[in-house]
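These protein sequence lines are chains Z and S, in that order. Heads up, the first sequence is in this note's numbering, so the first residue is 99 and it goes up one at a time. Heads up, the second sequence is in this note's numbering, so the first residue is 48 and it goes up one at a time.
Keep in mind the hints are simulated off the structure, nothing from the lab. Where is the CB? At the ideal position from N, CA and C, for every residue including glycine. You can trust all of the hints, since none of them are fake.
Below, a sample of chain S positions facing chain Z; criterion: calculated Cβ distance under 7 Å:
1. Gly73
2. Arg115
3. Ile239
4. Gly272
Straight-line C-alpha distance at most 30 Å; calculated DSSO-like pairs for lysine-lysine:
5. S:Lys161 - Z:Lys570
6. S:Lys235 - Z:Lys537
7. S:Lys235 - Z:Lys118
8. Z:Lys570 - S:Lys78
9. S:Lys161 - S:Lys78
10. Z:Lys495 - S:Lys139
11. S:Lys153 - Z:Lys483
12. Z:Lys570 - Z:Lys537
13. Z:Lys483 - S:Lys235
14. S:Lys161 - Z:Lys483
15. S:Lys206 - S:Lys161
16. Z:Lys514 - S:Lys161
17. Z:Lys514 - S:Lys235
18. S:Lys153 - S:Lys54
19. Z:Lys514 - Z:Lys495
20. S:Lys54 - Z:Lys570
21. S:Lys153 - Z:Lys514
22. S:Lys212 - S:Lys54
23. Z:Lys261 - Z:Lys297
24. Z:Lys570 - Z:Lys514
25. S:Lys78 - S:Lys217
26. S:Lys206 - S:Lys54
27. S:Lys78 - S:Lys212
28. S:Lys206 - S:Lys78
29. S:Lys54 - S:Lys139
30. Z:Lys514 - S:Lys78
31. S:Lys139 - S:Lys161
32. Z:Lys537 - S:Lys217
33. S:Lys235 - Z:Lys495
34. Z:Lys297 - Z:Lys206
35. Z:Lys483 - S:Lys139
36. S:Lys161 - S:Lys54
37. Z:Lys514 - S:Lys139
38. Z:Lys483 - Z:Lys514
39. Z:Lys495 - Z:Lys483
40. S:Lys139 - S:Lys153
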Amino acid sequence: MSVHNPTSHRFPENARDALKNETLQRGLASAKVGFRVRRSEAAARLPEFETLRDESRDIKNHTLAHIDLYLEAFEKRVTERGGHVHWATDAAEARDAVLAICRAAGAKTVTKGKSMISEEMGLNAFLEENGIEPVETDLGEYIIQLRGETPSHIIAPAFHVLKEQVVETFRENHTQLDPNRVIDEARQLQDEARLVLRKRFLEADVGITGANFLIAETGSTVIVTNEGNGDLTQTLPRIHIVLASLEKVVPTLEDASTILRVLARSATGQEYSSYTTFSTGPRRGEDIDGPHEFHVVLLDNGRTDLIGTEMQEVLRCIRCGACMNHCPVYGVIGGHAYGWVYPGPIGAVLSPSLIGVEEAHHLPNASTFCGRCEAVCPMRIPLPKLMRNLREREFEKGLPPATQRWGLAIWAWLAKRPVPYRLATWLPMRLLALLAGRKGRYSWLPLAGGWTSQRDFPAPQGPSFQALWDRKRGRREASK
Amino acid sequence: MADLGPKPNVALFVTCLVDLFRPSVGFAAVKLLEQAGCEVSVPQGQTCCGQPAYNSGDRANAAEIARRTLPVLAPFDYIVAPSGSCAGMIRKHWPALFANEQEMSKIAIAVAEKTWELTSFLTDVRGMEAVDAEYDGVVAYHDSCSGLRELGVQDQPRKLLESVKGLTVKNLTHGQECCGFGGTFAVKYPDISGRMVSDKADDIEATGADTLLAGDLGCLMNMAGKLKRRGSTVKARHVAEILAGDTDTPPIGEGES
Ligand code: SF4
Numbered sequence: 099m100s101v102h103n104p105t106s107h108r109f110p111e112n113a114r115d116a117l118k119n120e121t122l123q124r125g126l127a128s129a130k131v132g133f134r135v136r137r138s139e140a141a142a143r144l145p146e147f148e149t150l151r152d153e154s155r156d157i158k159n160h161t162l163a164h165i166d167l168y169l170e171a172f173e174k175r176v177t178e179r180g181g182h183v184h185w186a187t188d189a190a191e192a193r194d195a196v197l198a199i200c201r202a203a204g205a206k207t208v209t210k211g212k213s214m215i216s217e218e219m220g221l222n223a224f225l226e227e228n229g230i231e232p233v234e235t236d237l238g239e240y241i242i243q244l245r246g247e248t249p250s251h252i253i254a255p256a257f258h259v260l261k262e263q264v265v266e267t268f269r270e271n272h273t274q275l276d277p278n279r280v281i282d283e284a285r286q287l288q289d290e291a292r293l294v295l296r297k298r299f300l301e302a303d304v305g306i307t308g309a310n311f312l313i314a315e316t317g318s319t320v321i322v323t324n325e326g327n328g329d330l331t332q333t334l335p336r337i338h339i340v341l342a343s344l345e346k347v348v349p350t351l352e353d354a355s356t357i358l359r360v361l362a363r364s365a366t367g368q369e370y371s372s373y374t375t376f377s378t379g380p381r382r383g384e385d386i387d388g389p390h391e392f393h394v395v396l397l398d399n400g401r402t403d404l405i406g407t408e409m410q411e412v413l414r415c416i417r418c419g420a421c422m423n424h425c426p427v428y429g430v431i432g433g434h435a436y437g438w439v440y441p442g443p444i445g446a447v448l449s450p451s452l453i454g455v456e457e458a459h460h461l462p463n464a465s466t467f468c469g470r471c472e473a474v475c476p477m478r479i480p481l482p483k484l485m486r487n488l489r490e491r492e493f494e495k496g497l498p499p500a501t502q503r504w505g506l507a508i509w510a511w512l513a514k515r516p517v518p519y520r521l522a523t524w525l526p527m528r529l530l531a532l533l534a535g536r537k538g539r540y541s542w543l544p545l546a547g548g549w550t551s552q553r554d555f556p557a558p559q560g561p562s563f564q565a566l567w568d569r570k571r572g573r574r575e576a577s578k
Numbered sequence: 048m049a050d051l052g053p054k055p056n057v058a059l060f061v062t063c064l065v066d067l068f069r070p071s072v073g074f075a076a077v078k079l080l081e082q083a084g085c086e087v088s089v090p091q092g093q094t095c096c097g098q099p100a101y102n103s104g105d106r107a108n109a110a111e112i113a114r115r116t117l118p119v120l121a122p123f124d125y126i127v128a129p130s131g132s133c134a135g136m137i138r139k140h141w142p143a144l145f146a147n148e149q150e151m152s153k154i155a156i157a158v159a160e161k162t163w164e165l166t167s168f169l170t171d172v173r174g175m176e177a178v179d180a181e182y183d184g185v186v187a188y189h190d191s192c193s194g195l196r197e198l199g200v201q202d203q204p205r206k207l208l209e210s211v212k213g214l215t216v217k218n219l220t221h222g223q224e225c226c227g228f229g230g231t232f233a234v235k236y237p238d239i240s241g242r243m244v245s246d247k248a249d250d251i252e253a254t255g256a257d258t259l260l261a262g263d264l265g266c267l268m269n270m271a272g273k274l275k276r277r278g279s280t281v282k283a284r285h286v287a288e289i290l291a292g293d294t295d296t297p298p299i300g301e302g303e304s
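With the hints as extra help, turn the sequences into a complete structure.
Printed below as a string of structure tokens:
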């Protein structure tokens, strides 16, 4: 799957493949439970967790209402500290900005910290096409880069890869190492990745990271990681490029620290991630390390179009992954089936907004509206409501298949007219009750293949409740 | 039961599924409401809460269905539905449908505020502590998503079930997990829905229960359909039937034997 060619329109087929993929199923079954337990324990340990969610939501709502001002303030601070801000309307502009910086530096290798914006830009493929080698340094990203895959989870990119598969991948790729070495344990795999990557860190001319926050009052960018790879990525090379989408901005350091308190707890159940790193401009005269150049590429890619619309709330997202960790649909199909960068409930809302409802029309429909994503989202994003908004947009555009639209129209016509409704349902329901006979259910029914392909269809008991009630009430009145 | 004053007039919103598929649930609900000291009516002119349209993006039809049903329900002291999903639709979503219409919005909010899911109404509003029923069995209780997350229905049915003589309640290991029904989702994405309900059936069977109970007929038809497809002997019933002691009718998806 390439980020340039979303496969979201093939969602049902993708999902079917995922359901048949036994390795993926094994991984999903065990990993999701761990995430859920850790998040709920972390939330329970912090009495003010729910209040912090409210505060975090309010901070972002306020920021989004004045986003132009905060972004300008951010740019001003970055520039004052000797950094550069590059505004990019779309992915192509962002890619060009990165390439221009790399070219000017004569870069051959760039190291990369984890960044979903990089995925959104399709940056790795683009750099390769232009003769620059990108090296992912987050362990999960590194694994899937070697495997030629895309992330299947926003905080655990190699969520779909089993340990045995990592061993295989490392043996195939790290041919410079002793073929008889033992790498059975997760720890050994980490050490091996560190060893190989250390050399790459030192070679790199440019380091690219994402950003969890942009802080308007100081012009700082913030990343949180658990491996410390982000720090090496941004301090060792001569040039540091930060990739961020506009809505990452918050007004103050204080605001960032409020949201940081819900971020890791919602994501991994940690109180804080192991490393929270603030970058403010390039190295100054007295600094002993740090990059000589500091660039921030600010990607819009359709986000400002959401501001002031019924979809604005999605821009509060801090990419913690809690919604997908708790999603029963993600839980059985994993991330790749969604066919574009962002999977799970956040993807179901964000993808149609960014790549269009025509391409991604399945995603907001592939939800039971069970509401668990909204229940755990630290930013209190009403994900089901936003999915419903998108369904309404699709319905207005006439995107659902004709059979669905007609079925719905006929049903709705009747549901609005109680008398014809009762007449029209009488015969089919009586037939369904009669034909089921003593079995009480159907294993196949015409026009209900979607249902009966998976489960039996319970037959109705007989006459409707309202018919029986009328008869009973009639009897009651007659006996008076 | 404590004296709760004059008998409230309660409208049973029977829901389209109970109306068409399982009237026994409606009668069980009426019985329970009467035991809780209510005067029960089944107002004519009700069909469905409109979720099939609302969740398919057809907001206009959902609003029309609500607009026609609201006057039918408005005169009553309470509206009670044997479903968390339909009660949730009336409580949480009908008002949203009329956000731009002042008059309708007032009516929708007034109706929303007096609409309850059955077990929650019996315990939270009528203060019912126990029922007079017997059931010899071990039951697994499934919390349907809308009732659980939109209305906070979780302890209420369990509390009443505890008073049923001979009955033991087991909790599912993944009690918060959706069964995969989701209305039209079950037929639009059958493979995904099928896997979800299959996992749910595993969880139900692992409890060792002989009966599955829930408060929503849609979810029950989905789970019962899967259990029967697998040849499971677990019987599925709506919680109201057990609480009312009405178990003469065959379980969901089973015939007279
Ligand atoms: S939508 Fe909410 S839960 Fe999902 S990734 Fe964003 S912040 Fe986290």
